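J.: Single-letter residue listing:
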Amino acid sequence: MSSQLTILGIETSCDETAAAVVLRDASGKGEILGEVVLSQLEEHSAYGGVVPEIAARAHVEALDSLISEALLRAGKSLADVDAIAATSGPGLIGGLIVGLMTGKAIARATGKPLYAVNHLEGHALTARLTDGLSFPYLMLLVSGGHTQLVLIRGVDDYERWGTTIDDALGEAFDKTAKLLGLPYPGGPAVERMAKKGNPERFTFPRPLVGEARLDFSFSGLKTAVRQAAQSIEPVTEQDIADICASFQRAVSRTLKDRIGRGLERFRALYPDVAMPALVVAGGVAANAELRATLQALCDKNRFHFIAPPLALCTDNAAMIAWAGLERMAAGFAPDDLAVAPRSRWPLDKQAATLLGSGKRGAKA
Amino acid sequence: MIVLAIDTAGTGCSAALYDSNRDIVLGAAGEDIGRGHAERLMEFVDGALAAAGLDLPAIDRIAVTIGPGSFTGIRVGVAAARGLALALGIPAVGVSTLSALAAGRNGPLLVAIDAKRDEVYWQAFAADGSEATSPAIATVEEARAIAQAHDGDIAGSASALLREGAAVETDGVDIATVARIGTHLDPQKHLPKPLYLRGPDAKPQAGFAIRRA
Chain A
9 MSSQLTILGI ETSCDETAAA VVLRDASGKG EILGEVVLSQ LEEHSAYGGV VPEIAARAHV
69 EALDSLISEA LLRAGKSLAD VDAIAATSGP GLIGGLIVGL MTGKAIARAT GKPLYAVNHL
129 EGHALTARLT DGLSFPYLML LVSGGHTQLV LIRGVDDYER WGTTIDDALG EAFDKTAKLL
189 GLPYPGGPAV ERMAKKGNPE RFTFPRPLVG EARLDFSFSG LKTAVRQAAQ SIEPVTEQDI
249 ADICASFQRA VSRTLKDRIG RGLERFRALY PDVAMPALVV AGGVAANAEL RATLQALCDK
309 NRFHFIAPPL ALCTDNAAMI AWAGLERMAA GFAPDDLAVA PRSRWPLDKQ AATLLGSGKR
369 GAKA
Chain B
331 MIVLAIDTAG TGCSAALYDS NRDIVLGAAG EDIGRGHAER LMEFVDGALA AAGLDLPAID
391 RIAVTIGPGS FTGIRVGVAA ARGLALALGI PAVGVSTLSA LAAGRNGPLL VAIDAKRDEV
451 YWQAFAADGS EATSPAIATV EEARAIAQAH DGDIAGSASA LLREGAAVET DGVDIATVAR
511 IGTHLDPQKH LPKPLYLRGP DAKPQAGFAI RRA
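For the record, the sequence lines run as chains A and B. Numbered according to the working numbering, the first sequence spans residues 9 to 372. Numbered according to the working numbering, the second sequence spans residues 331 to 543.
If you're looking for bench data, these hints aren't it; they were derived computationally from the structure. Small disclaimer: the values here were computed from a predicted structure and weren't measured. Accuracy of the hints is not assured; some may be wrong.
Covered stretches of chain A, as calculated for chain B (at least 3 residues, CB under 8 Å) [what the hints assert, rightly or not]:
#: 1; segment: 111 to 120
#: 2; segment: 177 to 190
#: 3; segment: 340 to 351
Straight-line alpha carbon distances no greater than 20 Å define the calculated EDC-like cross-link-like pairs of lysine to aspartate or glutamate that follow [unchecked claim]:
#: 4; chain 1: B; residue 1: K446; chain 2: A; residue 2: E61
#: 5; chain 1: B; residue 1: K533; chain 2: A; residue 2: E167
#: 6; chain 1: A; residue 1: K120; chain 2: B; residue 2: D376
#: 7; chain 1: B; residue 1: K533; chain 2: A; residue 2: D307
#: 8; chain 1: B; residue 1: K523; chain 2: A; residue 2: E69
We treat Cβ as the ideally placed atom computed from N, Cα and C, and that holds for glycine.
Work out the full structure: start from the sequences and follow the hints.
T.: See the structure below:
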């Protein structure tokens, strides 16, 4: 299957409502024809985090007009698209329902196939849209909801090498910011303060560093930050800057250790890949110190470090459309209109549950 | 006008095709499913279309229940209705479950839906069927006072809660009624927007941040 394909993508799994029209030409090259992302940052900032019900309410009010806008920007009508791709998990169920039902309705009304896309697969395949990357490669996803190192062998062929056993990295940034009275989202706020701080003043734990397995843990770090802050309470502006800088340094060292091991493992597994690649995705990828750490690590290990533009690292619909295009081009069957949204949906079907359990299974 | 009516606001999940010129239901499908509206709705839309012997291009308008009711259920129906309207290029209108429960009953009427958590969604209708108050939420105690002062029938699942001896009713709306009401609503004024009546139940973060010097 190598003909030109165009897909409408829909993303509503967290606090961004997004729609995009993406084209994949006969050679497999992708082009974003039109896209729009509506962030709900304002709606959630007073709560210090994403409130699921507020998010779901915002998605249902905005999505249809965003789809119209994305089509307009692309200069396309629904008649011009070959399929609809909507995120169906993992994520906040209220939002997933809105996006998936809208996708189902459009698919039914236009008679086009529906692809129910795994949000993580969207992140995993983005580098093929932006950089035309070939399989296999490694992806580090670091966001408010996920912290995963995944081997990307092919479309629908993923092996999770590491994941967080407690908090996601973005969550650790948010909680640190909240504790220090910094605004939400925590990532940019902590980074801003860290620039003015002394990263050597506090020694924060680097959980699991030195262990062979590639998993992450950030909840102990959060506790250490709180204890350090409490021990010098009341804190000055400089104290806060020092805590932020020390926190960021600890995270940076953790990533260096974990990802370094991951790169070695990849090299051992694929000795014939001359210039392998590490792709970073997720909002935490915006952090300059972490980026610099990963860049240096990749340089040292002779890996390409690929950081797609930030707008494609954070949640967006272009990556969902692209994942749909990849599935379609690879000959995967579309989904039935009875497909259910899934709050939990691991990318790697074989991966053991490290986070979240019970009847709904592993979180991601 | 051919109207596709959709209701997912309660435990039921249903769809119907309605011909307003003849005031008849051409086909309907649905079940009391409790949960899983997102998975089943399209099947019932297809079932209603098949029973009517029609396909989506024959439809002139979509009418969807917007609540009050299950937040999740409402969003399943509203998202689907808006998606269909966008793709078909036809208007969609929102029908409140309170007005659907009031339709065809003798006024003056008080419609009250059990909102759980000791609260009630309610609205009063005049003898001619017009809205006497706006849809609102009240505590059961407040609603009892409203019911006491009300001279007329009470409808809806909270009726037995508000007036002793009142018949026990469900919140299931008649899908044909939803279609009929939807036929007469102005699409400019009655957009398919959820009618929650209750806030999102989120509290601004408490100040447990560290003390500043």
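J.: For every hint, state whether the structure bears it out.
T.: For each hint, the structure was consulted:
1. 111 to 120: holds (count 7)
2. 177 to 190: Satisfied; 4 residues make the cut.
3. 340 to 351: holds (count 5)
4. B:K446 to A:E61: 17 Å, holds
5. B:K533 to A:E167: Between K533 of chain B and E167 of chain A the Cα gap is close to 39 Å, so the pair fails against 20 Å, i.e. violated.
6. A:K120 to B:D376: 15 Å, holds
7. B:K533 to A:D307: 46 Å, violated
8. B:K523 to A:E69: Roughly 7 Å between the alpha carbons, so the hint for K523 of chain B and E69 of chain A holds.
The structure is inconsistent with the numbered hints 5 and 7, although it conforms to all the rest.
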